[in-house]
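Participant: Chain by chain, the residues:
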Amino acid sequence: MNDMTPDREERSANLKGLGCSRKRVEDARFTQGKGNYVDDIKLPGMLHGDFVRSPYAHARVVSINKDAALELPGVVAVLTAEDLAPLNLHWMPTLAGDKQMVLADGKVLFQGQEVAFVVAKDRYIAADAVELVEVEYEELPVIVDPFEALKTDVVLREDLAGQTEGAHGPRKHHNHIFTWEQGDEATTNQVLDDAEVVAEETMYYHRTHPCPLETCGSVASMDKVNGKLTLYGTFQAPHVVRTVASLLSGIEEHNIRVVSPDIGGGFGNKVGVYPGYVCSIVASIVTGVPVKWVEDRMENLMSTAFARDYWMTGKIAATKDGKITGLHCHVTADHGGFDACADPTKFPAGFMNICTGSYDIPVAYLAVDGVYTNKAPGGVSYRCSFRVTEAVYFIERMIEVLAIELNMDAAELRRINFIKKDQFPYQSALGWEYDSGDYHTAWEKALKTVDYEGLRKEQAERVEAFKRGETRTLMGVGLSFFTEIVGAGPVKNCDILGMGMFDSCEIRIHPTGSAIARLGTISQGQGHATTFAQILASEIGLSADSITIEEGDTDTAPYGLGTYGSRSTPVAGAATAMAGRKIRAKAQMIAAYLLEVHDDDVEWDIDRFVVKGAPERFKTMKEIAYAAYNQAIPGVEPGLEAVSYYDPPNMTYPFGAYVCVMDIDVDTGVPEIRRFYALDDCGTRINPMIIEGQVHGGLTEALAVALGQEIAYDDLGNVKTGTLMDFFLPTAWEVPNYETDHTVTPSPHHPIGAKGVGESPHVGGVPCFSNAVQDAFRAFGLRHTNMPHDHWRIWQTANRLGLHD
Amino acid sequence: MTQKMHIKLTVNGEDKEFLAEPRELLIYALRENLNITGPHVGCETSHCGACTVTLNGKSVKSCTMFVAQANGAEITTIEGIGSPDSLHVLQEAFKEHHGLQCGFCTPGMITRATKLLEENPNPSEEEVRFGMAGNICRCTGYQNIVKSILAAASELNASKEAAQ
Ligand code: FES
Ligand code: FES
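One line per chain: the protein sequences are A and B, in this order. Residues in the first sequence are numbered consecutively from 1, following this note's numbering. Residues in the second sequence are numbered consecutively from 1001, following this note's numbering.
Hints are supplied without guarantee of correctness; some may be wrong.
Here are some of the chain A residues that sit facing chain B, going by a computed Cβ distance under 8 Å [what the hints assert, rightly or not]: (1) Thr31; (2) Pro212; (3) Met689; (4) Gly693; (5) Ala732.
Because the hints were derived from the structure by calculation, they are not lab data. Ideal Cβ placement from N, Cα and C applies to all residues, glycine included.
Using the sequences and the hints, build the whole thing.
Facilitator: Set out below in structure tokens:
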């Protein structure tokens, strides 16, 4: 049945299923300004909330005087921790097993912390009233350096005083949160001691922020008559929010409806539960009318969900000819004032233990120390699976440093150490089982496409010309090869607040042969309404155009853990395929009945069941759908519906090979990206157009992080990058055109072999851009310099190396 | 609260009259007073362009202007560019070339692009990139936005030629 006759080809094309660059169904409303984002929601009588925030990074709150604010016409309420305490809502649990103040309870721990919540008739009045709330502070010593935090007598978290045990084991100091260890320390140290060559480096992966174009917000509406709470908001995981809201408020879960409307980008920013959400709920319960809270950009950058902030020290052992024999990694992780990292419960440092990368490293050891400082809480995965960006940056820099140590070509060093195709499934030294890969093929394809040898020759000539004084630009060739770990995850080891990280899909086929499918995930621009319909189209033989995808409403969608960590395709995509297969199994019985043959005598063919050996006798899925509703079929229930909850047997491991060619003006520090080549292997490709779009976007966010974007603090804990004036978001003018390419190595355990792609380009892109900058200076003795490589820092590097003399 | 003032605007061809505080930003007057929610708020500091509208023939970031300053102006927002039955060429091009993902920047992008193509009907890629540099997109990396605008430009030029 596999020959593609013209008829079959046409039928297959009509489905717009897997592999089709189907245009997005979402775009009609977005291009006409008809999206429905949280700030577009207006409910009758709705009030607006706004926060009084701390100007200090560490201070005692001596008193709060609301009188003047309450006197302002239009102000309805001012909430403080004291008001929330009777409801036990002045603190809330974090996803990381810590707790966090909703409103300052006695002290503040970071600049921008929420101190009081003003509720007023409109947002201007609320903002005026914020100014009228008088808060008296008593300043305390500010600790912004995690290393100092571990030495100082200053206790940041007085509420934890005396607690020597945290959610993730023993605490070594009053500002210490946890130590997370993976791998074999003794053997790793032994290998390092015995090694022919050891390269060592410390690198700082700076603090940054996902900064989606839409900030976070919510609208809570407590209907006191029916006892129902409806909560609209920027939630990447609406079901989890419902469960948390129920646990916190005591409202039974069936009386809470959480809706994620259109979301203006997430990138990890919208995974967490923030004080604003809680305060809008409380305010609605208190006032009995809907309350909206939408943060402004400065509040977004200062308070909700930073990313990264890892100090990483690595030691890598190798033979003289470049075979890596061991890896040691220690991380000091700055978590800010509360440990609010958004990681699966058992992984306080996320999947940092993917830091052996794409290489066959026999033994390794990783230890991560989490530390409190006077900075904002967060630690979200900014366009990556949990801490994978940090891990990949670490190993891809260590490889470069080792190449320098060995005086070896960095592409060759990678080639020597890649996990080989026949080693998959591969058991890594730090505990993961990589599902599938073919790294050598991808690498050779990438190097050949960019003419790697030619680039190195040109670079060497440029260095000579520079030395002769004929040019003031240097050329950098940035390489990176990454392995992502996405699709969290197997319920046996992945959960969020105790909820197993499965995902779900529920399908209803309508009598006339169209369908609706509902999922537990939520798109923030990834185009789920388009791609999930494609997965389903290929499974059930109805055109994707006849399938509606709905997400984000907990009253209608099946329970799911949401969209982050590139988990939608690996987990919910799998659930979709599995639910589709259940539909098909029932359809087979119906078809056999209609064709008057045994179930086993029909077989599936694109959009129909045909009688084996008699292809002219068939029933299309459309016909079967109708029959499911209008025929009494013995032994078969009427209707055609299915639901699947998918617990993935393993993570998926997308990978890719990136090359960046950069020219750097030594006198201005300005890098010019001449070429960027990105080869991605995300397994089965569902929609190539959307994949490409994801790669462009992820690379641009990588460019931002590598070349300038950071959340910086001064010594007093003041945020120095609180607006888009200082926080770098690249414009069309700074961004190059990217070349995209691919290989396809399907995941063996995923129903359709897909691995997920949205975050790969960010994970692989950051080290690639950074390596390009650093490679430009390799000939002049640079070993490592920290990101972000903005013009000023690049200039300083050149200066330090004596290139301005 | 300051005294409200009487504001008159022509928005997407319709006359609007309402009371607003003079300090209210134009973007909020559009979104809150007039329920025109196509233009979005991304920063309120004139950096992101999500709030872009056309005001008296110029691209304006409506978070940068008080409604009092806009009094009497003629304004076009994304809602006034094309209709469901007949989309603007740029709207079609953004759909065709995957020029959007989350869609939050899109109203501002398309509104700005309509002006860009009026100012320069035949832009080079560089000119598109420069002319759109006031509008930030966090999702697409711009490549397909640029592609969409260039495609729309040639389409518009082709139909102009055909009309001549
Ligand atoms: S909201 Fe106006 S430019 Fe950002
Ligand atoms: S499409 Fe999301 S910001 Fe542009």
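Participant: Now tell me if each hint is right for this structure.
Facilitator: For each hint, the structure was consulted:
no.	hint	verdict
1	Thr31	4 Å, holds
2	Pro212	6 Å, holds
3	Met689	5 Å, holds
4	Gly693	5 Å, holds
5	Ala732	4 Å, holds
In terms of the numbered hints stated before, the structure departs from none.
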